[in-house]
Amino acid sequence: MKTTQFHIVTRKETPQDAEIISHQLMIRAGLIRKLGAGLYTWSPLGFRVLQKVENIIREEMNKAGALEMLMPAVQPKELWQETGRIDDFGGQLLAIHDRAERDYFFGPTHEEVITDFVRNEVNSYKQLPINFYQIQTKFRDEIRPRFGVMRSREFIMKDAYSFHMSKESLVETYEKMHQAYGNIIDRIGLEYRCVLADSGAIGGSGSQEFHVIADSGEDAIMYSDTGEYAANIEKCTAISLIAERAEAAQSLEKVDTPTQKTIEEVANHLSVDKSQTIKTLLVEGVEGPVALVVRGDHQLNEIKAGNLAAVASPFRMLNDDEIKQVAGCEAGFIGVKDLSCHIIVDSTVANMSDFVCGASENGFHLTGVNWDRDASYQQVEDLRDAQVGDPSPDGVGTLKMARGIEVGHIFQLGSKYSEAMKAVVLNEQGKSQAMEMGCYGMGVTRMVAAAIEQNHDEKGIIWPAGIAPFQVAILPMNYQKSERVRLAADELYQTLSDMGIEVILDDRKVRPGFMMSDFELLGVPHQVIIGDRALDRNEVEYRARIDMASKDISHDTIVNFLAEQIKA
RNA sequence: CGGGGUAUAGCGCAGCCUGGUAGCGCAACUGCUUUGGGAGCAGUGGGUCGGGAGUUCGAAUCUCUCUACCCCGACCA
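In terms of this note's numbering, the numbers along the first sequence are unbroken and rise by one, the last being 1981.
Because the hints were derived from the structure by calculation, they are not lab data. Keep in mind that a hint or two might mislead.
As the list claims (entries may be wrong) - 27 Å max Cα-Cα, derived DSS-like pairs, lysine-lysine:
1. Lys-1476 with Lys-1539
2. Lys-1674 with Lys-1687
3. Lys-1737 with Lys-1750
4. Lys-1813 with Lys-1687
5. Lys-1476 with Lys-1425
6. Lys-1980 with Lys-1872
7. Lys-1922 with Lys-1894
8. Lys-1980 with Lys-1964
9. Lys-1415 with Lys-1447
10. Lys-1835 with Lys-1580
11. Lys-1580 with Lys-1844
12. Lys-1667 with Lys-1737
13. Lys-1687 with Lys-1580
14. Lys-1737 with Lys-1872
15. Lys-1476 with Lys-1580
16. Lys-1425 with Lys-1872
17. Lys-1872 with Lys-1922
18. Lys-1835 with Lys-1447
19. Lys-1425 with Lys-1415
20. Lys-1415 with Lys-1813
21. Lys-1415 with Lys-1922
22. Lys-1844 with Lys-1539
23. Lys-1894 with Lys-1964
24. Lys-1490 with Lys-1813
25. Lys-1476 with Lys-1980
26. Lys-1425 with Lys-1447
Stated by the list, open to error - Estimated spans, in silico, between C-beta atoms of each pair:
27. Ala-1725 with Asp-1516: 25 to 31 Å
28. Glu-1555 with Ala-1725: 21 to 27 Å
29. Ala-1962 with Asp-1516: 55 to 61 Å
30. Lys-1425 with Ser-1726: 47 to 53 Å
31. Arg-1786 with Cys-1754: 16 to 22 Å
32. Glu-1491 with Val-1584: 29 to 35 Å
33. Ala-1722 with Ala-1662: 31 to 37 Å
34. Lys-1750 with Val-1584: 46 to 52 Å
35. Asn-1840 with Arg-1786: 53 to 59 Å
36. His-1420 with Phe-1530: 36 to 42 Å
Being a predicted model, the structure only gives us computed values, none of them experimental. A virtual CB, placed ideally from N, CA and C, is assigned to each residue, including glycine.
Using the sequences and the accompanying hints, generate a full structural model.
See below:
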């Protein structure tokens, strides 16, 4: 490819509305352009990268035995009524209708469609197990799209769905997908971590996420410093930090805290550590309000809380009026003594003694509170976010934290969809049986952004070789005027092209500095600078984008040298 | 969805307060010079000032309204 026959439009200035580096660089390099909120056009240059990612995913999925297909992006509403997921997805569903006012959704995911396909196509255990996948455009009406294609509304996803006669068969395919996902991210060339995850609106029993490690990642992942354990903070088990409850040593006392509402203020005012306080949060329950209690210095984990049977879904905190009604005070003074609703305490809180809590009366707190003697609870659960320094839940090492970008998520769905949609097959005994199901998603467009988050420097993108839009850039100095340079550049271009190497020759009439800056921004891994100066010595200059170290290479051996570099 | 902000040339912005026929930088185009780190000079093209309504002799500017986009929040007890 020659630049004058391609489309390269770069910008020197960082776009104003781009916050994270991948978004900035994708705009500056001209990979994407914004059409509307959460909607992006992929330029020919960006699309080359996208296709590289797609093809790696396709190859590894095929290798793992999955079958590629294509489902419609637009789905009839009736399908979603069968599974009852319209509420789970809520506002994220883009509802559309046709001229006859029939209702549709633009597909955010395809469990319903594939299950409908399979219930009609698959009737016998002999056809199972089977694993289908597609690479397709999805739309999710995100509350707040941001960070360019990292969290856009329209995006490309690879989604796979497997069907089985047994749990064992499902686990087998799940493990295969687990392996395939690792292979894909390895081949793309990114550092990642696979972690335990909450299955959210997709549902099912077990799930794991694949996170590309990056400081800008939206997710916090917790992992053991010496062991194997790793989990999204949403899912990470937080164990009780107090092994056994100590005997009560203090007597119950009501103290003045006229303006102290937050844990910080109360702890300071009473000169106690925040870990000696508890906070009581009132949320909507299935039957009346529910109180959730965590230690003052801990964070309530809303995902864990929302998953509890007694807590309403979706998770919702009570508002000020409702709090007043239930606790008889403002939010800052809620306590557990004489609180007349279902009380669920975190496992650490259950073992606390002589603690501080609100007095359920504005302006007062209680000190020296002890369970059983002064107050009681109905249920003990893991309610809090795990913290850095907590013991790892598997008993090996302590927890550390990293930020991650979720690029993949795999689920063991079980029979949730097959039962809801009556996707059954006949087993060996001739009896009807609901299929076991797995599903496996991977964000294709997000992967490109994640790759840049992990591979860039102050000059621009540094593409991992596996997804670079071009492997080699030939940058001729004074291509227009120096015939010698032009011949050398054209010849090298032709030779590399004939070898099947993806090469771009910059034949624009631009000054050297402009050209070099452009290709540093674009991040082509191998760059060859051809100029009269070096040709005088029968040499050309080679630079690897990764470190920009420059090497003079004999003109006669440059082809072999490049072939070696690309192979390495 | 709640709060705040912005909307003027492809991009970034000024002009608006105090109404009078729209400007700067970058980018683009032409010519000359320059040619190993985002060149210089000269010239050129490009805008129904987000849409609609109103006030006025006259609206980018004042008023109303709609829309789009951005930011913050939706986690504190």
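Tested hints:
no.: 1; hint: Lys-1476 with Lys-1539; verdict: 22 Å, holds
no.: 2; hint: Lys-1674 with Lys-1687; verdict: 13 Å, holds
no.: 3; hint: Lys-1737 with Lys-1750; verdict: 15 Å, holds
no.: 4; hint: Lys-1813 with Lys-1687; verdict: 22 Å, holds
no.: 5; hint: Lys-1476 with Lys-1425; verdict: 42 Å, violated
no.: 6; hint: Lys-1980 with Lys-1872; verdict: 25 Å, holds
no.: 7; hint: Lys-1922 with Lys-1894; verdict: 10 Å, holds
no.: 8; hint: Lys-1980 with Lys-1964; verdict: 18 Å, holds
no.: 9; hint: Lys-1415 with Lys-1447; verdict: 26 Å, holds
no.: 10; hint: Lys-1835 with Lys-1580; verdict: 18 Å, holds
no.: 11; hint: Lys-1580 with Lys-1844; verdict: 17 Å, holds
no.: 12; hint: Lys-1667 with Lys-1737; verdict: 20 Å, holds
no.: 13; hint: Lys-1687 with Lys-1580; verdict: 46 Å, violated
no.: 14; hint: Lys-1737 with Lys-1872; verdict: 56 Å, violated
no.: 15; hint: Lys-1476 with Lys-1580; verdict: 22 Å, holds
no.: 16; hint: Lys-1425 with Lys-1872; verdict: 11 Å, holds
no.: 17; hint: Lys-1872 with Lys-1922; verdict: 22 Å, holds
no.: 18; hint: Lys-1835 with Lys-1447; verdict: 42 Å, violated
no.: 19; hint: Lys-1425 with Lys-1415; verdict: 22 Å, holds
no.: 20; hint: Lys-1415 with Lys-1813; verdict: 48 Å, violated
no.: 21; hint: Lys-1415 with Lys-1922; verdict: 12 Å, holds
no.: 22; hint: Lys-1844 with Lys-1539; verdict: 13 Å, holds
no.: 23; hint: Lys-1894 with Lys-1964; verdict: 25 Å, holds
no.: 24; hint: Lys-1490 with Lys-1813; verdict: 44 Å, violated
no.: 25; hint: Lys-1476 with Lys-1980; verdict: 22 Å, holds
no.: 26; hint: Lys-1425 with Lys-1447; verdict: 17 Å, holds
no.: 27; hint: Ala-1725 with Asp-1516: 25 to 31 Å; verdict: 27 Å, holds
no.: 28; hint: Glu-1555 with Ala-1725: 21 to 27 Å; verdict: 23 Å, holds
no.: 29; hint: Ala-1962 with Asp-1516: 55 to 61 Å; verdict: 60 Å, holds
no.: 30; hint: Lys-1425 with Ser-1726: 47 to 53 Å; verdict: 49 Å, holds
no.: 31; hint: Arg-1786 with Cys-1754: 16 to 22 Å; verdict: 20 Å, holds
no.: 32; hint: Glu-1491 with Val-1584: 29 to 35 Å; verdict: 32 Å, holds
no.: 33; hint: Ala-1722 with Ala-1662: 31 to 37 Å; verdict: 35 Å, holds
no.: 34; hint: Lys-1750 with Val-1584: 46 to 52 Å; verdict: 48 Å, holds
no.: 35; hint: Asn-1840 with Arg-1786: 53 to 59 Å; verdict: 58 Å, holds
no.: 36; hint: His-1420 with Phe-1530: 36 to 42 Å; verdict: 38 Å, holds
Hint compliance for this structure: hints 5, 13, 14, 18, 20, 24 are not met, and every other hint is.
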